[in-house]
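Chains A and B are the protein sequences, given in the same order. Numbered per our numbering, the first sequence spans residues 1 to 313. Numbered per our numbering, the second sequence spans residues 1 to 313.
There's no promise every hint is true.
[Unchecked claim] When the alpha-carbon atoms are kept at most 25 Å apart in a straight line, the in silico SDA-like pairs for lysine to any residue are as follows:
1. B/21 - B/196
2. B/193 - A/193
3. A/3 - A/116
4. B/284 - A/305
5. A/143 - B/305
6. A/206 - B/298
7. B/196 - A/193
8. A/193 - B/296
9. A/295 - B/302
10. A/193 - B/65
11. B/65 - B/299
12. B/193 - A/92
[Claimed, not checked] Only some residues are given here: those of chain B computed to face chain A with a beta carbon under 7 Å:
13. 85
14. 162
15. 188
16. 294
17. 301
Just so you know, the hints here were simulated from the structure itself, not pulled from any lab data. Ideal placement from N, C-alpha and C gives every residue a C-beta, glycine not left out.
There are 2 protein chains.
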Amino acid sequence: MSKLLIVGTVAFDAIETPFGKTDKILGGAATFIGLAASQFNIDTAAVSVVGGDFPQEYLDLLSKKNINISGIEIIKEGKTFFWSGRYHNDMNTRDTLVTELNTLANFNPVVPENYSNAQVVMLGNLHPLVQTSVLNQMTTKPKLVILDTMNFWMDCALDDLLNIIKRIDVITINDEEARQLTGEYSLVVAARKIHKMGPKYVVIKKGEHGALLFHNDSMFYAPALPLEEVFDPTGAGDTFAGGFAGYLAKTQDYSFENMKNAVIYGSTLASFCVEKFGTERMQKLSQDDVAYRLKEFEQLTQFNIELSQKNTV
Amino acid sequence: MSKLLIVGTVAFDAIETPFGKTDKILGGAATFIGLAASQFNIDTAAVSVVGGDFPQEYLDLLSKKNINISGIEIIKEGKTFFWSGRYHNDMNTRDTLVTELNTLANFNPVVPENYSNAQVVMLGNLHPLVQTSVLNQMTTKPKLVILDTMNFWMDCALDDLLNIIKRIDVITINDEEARQLTGEYSLVVAARKIHKMGPKYVVIKKGEHGALLFHNDSMFYAPALPLEEVFDPTGAGDTFAGGFAGYLAKTQDYSFENMKNAVIYGSTLASFCVEKFGTERMQKLSQDDVAYRLKEFEQLTQFNIELSQKNTV
Numbered sequence: 001m002s003k004l005l006i007v008g009t010v011a012f013d014a015i016e017t018p019f020g021k022t023d024k025i026l027g028g029a030a031t032f033i034g035l036a037a038s039q040f041n042i043d044t045a046a047v048s049v050v051g052g053d054f055p056q057e058y059l060d061l062l063s064k065k066n067i068n069i070s071g072i073e074i075i076k077e078g079k080t081f082f083w084s085g086r087y088h089n090d091m092n093t094r095d096t097l098v099t100e101l102n103t104l105a106n107f108n109p110v111v112p113e114n115y116s117n118a119q120v121v122m123l124g125n126l127h128p129l130v131q132t133s134v135l136n137q138m139t140t141k142p143k144l145v146i147l148d149t150m151n152f153w154m155d156c157a158l159d160d161l162l163n164i165i166k167r168i169d170v171i172t173i174n175d176e177e178a179r180q181l182t183g184e185y186s187l188v189v190a191a192r193k194i195h196k197m198g199p200k201y202v203v204i205k206k207g208e209h210g211a212l213l214f215h216n217d218s219m220f221y222a223p224a225l226p227l228e229e230v231f232d233p234t235g236a237g238d239t240f241a242g243g244f245a246g247y248l249a250k251t252q253d254y255s256f257e258n259m260k261n262a263v264i265y266g267s268t269l270a271s272f273c274v275e276k277f278g279t280e281r282m283q284k285l286s287q288d289d290v291a292y293r294l295k296e297f298e299q300l301t302q303f304n305i306e307l308s309q310k311n312t313v
Numbered sequence: 001m002s003k004l005l006i007v008g009t010v011a012f013d014a015i016e017t018p019f020g021k022t023d024k025i026l027g028g029a030a031t032f033i034g035l036a037a038s039q040f041n042i043d044t045a046a047v048s049v050v051g052g053d054f055p056q057e058y059l060d061l062l063s064k065k066n067i068n069i070s071g072i073e074i075i076k077e078g079k080t081f082f083w084s085g086r087y088h089n090d091m092n093t094r095d096t097l098v099t100e101l102n103t104l105a106n107f108n109p110v111v112p113e114n115y116s117n118a119q120v121v122m123l124g125n126l127h128p129l130v131q132t133s134v135l136n137q138m139t140t141k142p143k144l145v146i147l148d149t150m151n152f153w154m155d156c157a158l159d160d161l162l163n164i165i166k167r168i169d170v171i172t173i174n175d176e177e178a179r180q181l182t183g184e185y186s187l188v189v190a191a192r193k194i195h196k197m198g199p200k201y202v203v204i205k206k207g208e209h210g211a212l213l214f215h216n217d218s219m220f221y222a223p224a225l226p227l228e229e230v231f232d233p234t235g236a237g238d239t240f241a242g243g244f245a246g247y248l249a250k251t252q253d254y255s256f257e258n259m260k261n262a263v264i265y266g267s268t269l270a271s272f273c274v275e276k277f278g279t280e281r282m283q284k285l286s287q288d289d290v291a292y293r294l295k296e297f298e299q300l301t302q303f304n305i306e307l308s309q310k311n312t313v
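The task is simple: from the sequences and hints, build the whole structure.
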């Protein structure tokens with residue numbers, strides 16, 4: 001069975017959207033990535049840190065989803081990372097209200113020994129030096145290293161970020177961040193510049209407009225499923241990454257063609273994530289739900305161009 | 001052979017983009033629609049009006065593309081509709097610099113007798129009463145009526161617009177206009193509301209993010225081809241509509257499944273339109289160019305989900 005190692009935050013989120021607000025609920029990149037990857041029956045472990053205030057029931061929840069939590073350090077006297085944000089009416093933009101790093105401020109990740117040979121490593125959005133430390137602890141060269149990051153690290157730790165980007169296979173990044181990282185407006189040109197920084201595969205996330213996968217001169221474009229209502233976008237990008245990484249770890253096929261499927265799985269899982277606050281929808285997701293929505297994605301995007309070529313030009 | 005009747009502007013455009021600017025060049029909705037539809041070897045006619053200043057060579061150009069111009073009235077003492085605009089650096093927004101209606105102000109469209117039985121009618125963006133007049137002149141009920149419109153008519157001729165919308169089969173509209181027309185942010189909800197206004201099929205154009213086709217509870221999402229450089233977006237929406245209408249007129253299959261192909265053809269042709277100023281690229285487009293890019297669209301969007309389902313959930 002393939003192993004997937006995840007590093008990322010395990011956190012408290014408090015969220016306000018036009019539809020309502022939450023108290024402190026379960027959040028964090030590693031949480032969303034892990035819940036998405038748990039769909040694939042692979043051997044998944046999360047590396048993170050929480051404080052003594054983190055409820056045992058949340059840890060139990062991750063364990064029940066077959067996410068190994070031996071790499072989640074609990075600092076009894078510390079507090080868990082807390083983020084609070086308010087989404088605007090368009091649900092595409094948000095204001096951060098509170099960021100309390102707490103135990104995350106001095107996070108020193110330790111990869112559990114029996115995961116230092118994981119085939120797939122998913123470096124969730126964190127300080128690039130933390131991501132680097134995890135990669136340095138791998139005793140066997142992973143088959144695939146995926147990195148997610150954000151504009152914050154481009155602003156305040158660009159050199160560290162560029163150093164780790166050199167060493168990875170896939171970067172997932174949103175459109176505005178790709179533009180910031182490269183100074184290019186065209187995503188095609190931006191992806192080409194990012195290729196030159198190291199990653200052979202570049203995934204550009206465009207939120208409600210879907211996701212693009214670039215590899216050399218090849219492109220793949222998976223739309224997001226148009227939804228009646230986006231209830232809470234928090235975690236959608238991490239859920240996408242978790243679906244992408246989990247699918248590749250499961251299939252152990254790291255070709256561009258198979259990455260197309262991984263992008264579709266990521267988009268499918270992300271479409272569930274936004275239906276409820278926080279991790280609520282992902283906790284209750286069944287394999288039938290996923291199979292049904294994959295069919296919807298197929299109907300949404302697939303066409304029969306053979307027919308059309310015969311009939312016309 | 002199927003007949004396609006187009007009504008729309010035939011005009012002069014002057015365009016400024018970050019890449020350069022043009023003098024008065026050939027433009028107009030009917031021009032772009034006609035050039036796109038000319039790919040399909042159908043019997044196409046354009047209904048429009050121009051002034052005595054309109055060069056014979058432009059009319060000859062349309063004729064050479066097998067667009068019947070007997071419905072293009074020439075008002076010798078009048079001037080041709082003129083639009084001038086400047087695109088911003090993102091190429092998604094623009095300022096209108098000049099709009100001179102000229103002969104268009106009193107445009108009284110006359111459908112050529114031998115096109116009043118056209119199977120497909122494409123009502124290009126114009127005053128809704130002009131669109132209505134064309135539809136009223138049809139002596140045989142068309143198999144398919146497609147309407148394109150814009151926010152300007154929602155602001156100043158909403159009742160007329162709603163009256164013609166009741167009578168059509170397909171509306172093509174951009175995302176912001178769909179939101180304005182319905183007061184709904186979600187495009188899924190907006191499309192449902194537009195269905196209730198009349199059209200069984202709703203196409204929402206999202207520019208660089210592609211186009212959505214809605215029919216009852218079914219959806220189809222065609223991405224736009226990501227381009228290194230968008231040189232001039234003028235006419236892309238009309239080119240999309242022309243490809244969509246032309247393909248349906250050619251195949252005479254007005255099913256939802258076939259409309260998916262029509263959306264792909266529309267997107268494919270629009271991806272050429274933006275590569276040069278005005279109609280320049282569309283004038284020189286070969287069937288090989290189109291066939292090659294259709295293959296690119298296939299690679300961009302198609303995946304093998306059967307494989308992925310076997311391997312995972």
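We went through each hint and held it up to the structure:
no., hint, result
1, B/21 - B/196, "violated (42 Å)"
2, B/193 - A/193, "violated (43 Å)"
3, A/3 - A/116, "holds (9 Å)"
4, B/284 - A/305, "holds (23 Å)"
5, A/143 - B/305, "holds (23 Å)"
6, A/206 - B/298, "holds (20 Å)"
7, B/196 - A/193, "violated (47 Å)"
8, A/193 - B/296, "holds (22 Å)"
9, A/295 - B/302, "holds (13 Å)"
10, A/193 - B/65, "violated (41 Å)"
11, B/65 - B/299, "violated (30 Å)"
12, B/193 - A/92, "holds (23 Å)"
13, 85, "violated (19 Å)"
14, 162, "violated (24 Å)"
15, 188, "holds (5 Å)"
16, 294, "holds (6 Å)"
17, 301, "holds (5 Å)"
Going down the numbered hints, you'll see the structure goes against 1, 2, 7, 10, 11, 13, 14, while the others check out.
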